[in-house]
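Please work from the sequences and hints to get the whole structure.
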Amino acid sequence: MADFQTTPWRLICGILAVMCLVLMAALGILLKNSFPKQSIRPTSSPVGTTEPQEDAGCCYCQEKWIGYQCNCYFISNEIKTWTESREFCASQNSRLLQVQNKDELNFTNSLMYLYWIGLFYSEEHGAWLWEDGSALSQDLFSFSQTMDTGKCVTYFRSRKLLSESCVKKNRYICKKQLI
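Here the sequence shown is numbered in full-length UniProt numbering, starting from 1 and rising by one per residue.
Quick caveat, the hints were computed from the structure, so don't treat them as lab data. Bear in mind the structure is a predicted one, so any value in this text is a computation, not a measurement. A few of these clues could be false.
[Stated by the list, open to error] With a Cα cut of at most 25 angstroms, we get these calculated PhoX-like pairs of lysine-lysine: (1) LYS64 x LYS32; (2) LYS102 x LYS160; (3) LYS80 x LYS160; (4) LYS151 x LYS64; (5) LYS151 x LYS176; (6) LYS169 x LYS80.
Structure, rendered in structure tokens:
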């Protein structure tokens, strides 16, 4: 008689254990999906892609673009001159990277190459300017005094800038502001 009474309890315990495992798995999946990934997946070209991609909480970026802080970024694998890079970004309704604040560069820590950004030396103004004509804020970067004038700027992880001839070929970063 004792064996007969414990059988329903074993069945109930087994069902509860399975339910507990299913709930734990569901919780794990929900937690994984609730925190956006900020990994960089360099790609060759976003041309021809129109599928929306949600990489950050407030923005939808097309495929092969990275969403971060309500902006979309394209990290190229192709090498181009500064002008060619600028033209490519413009063809994608974006610009070469223009940094607004120090936190914006947190997603670039794993970059392995030099990348053109939208910064160049304007001889007319005697200053470093962004592509849109605005001046570089000196507190964004540890800007070296030895930067050559008459050149364009490449970016490397850890907020390092290098001036290079604008006709040299490098990878590039495009930025599309969504808000």
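Going through the hints against the structure:
no., hint, result
1, LYS64 x LYS32, "21 angstroms, holds"
2, LYS102 x LYS160, "12 angstroms, holds"
3, LYS80 x LYS160, "20 angstroms, holds"
4, LYS151 x LYS64, "29 angstroms, violated"
5, LYS151 x LYS176, "24 angstroms, holds"
6, LYS169 x LYS80, "5 angstroms, holds"
Hint compliance for this structure: hint 4 alone is broken.
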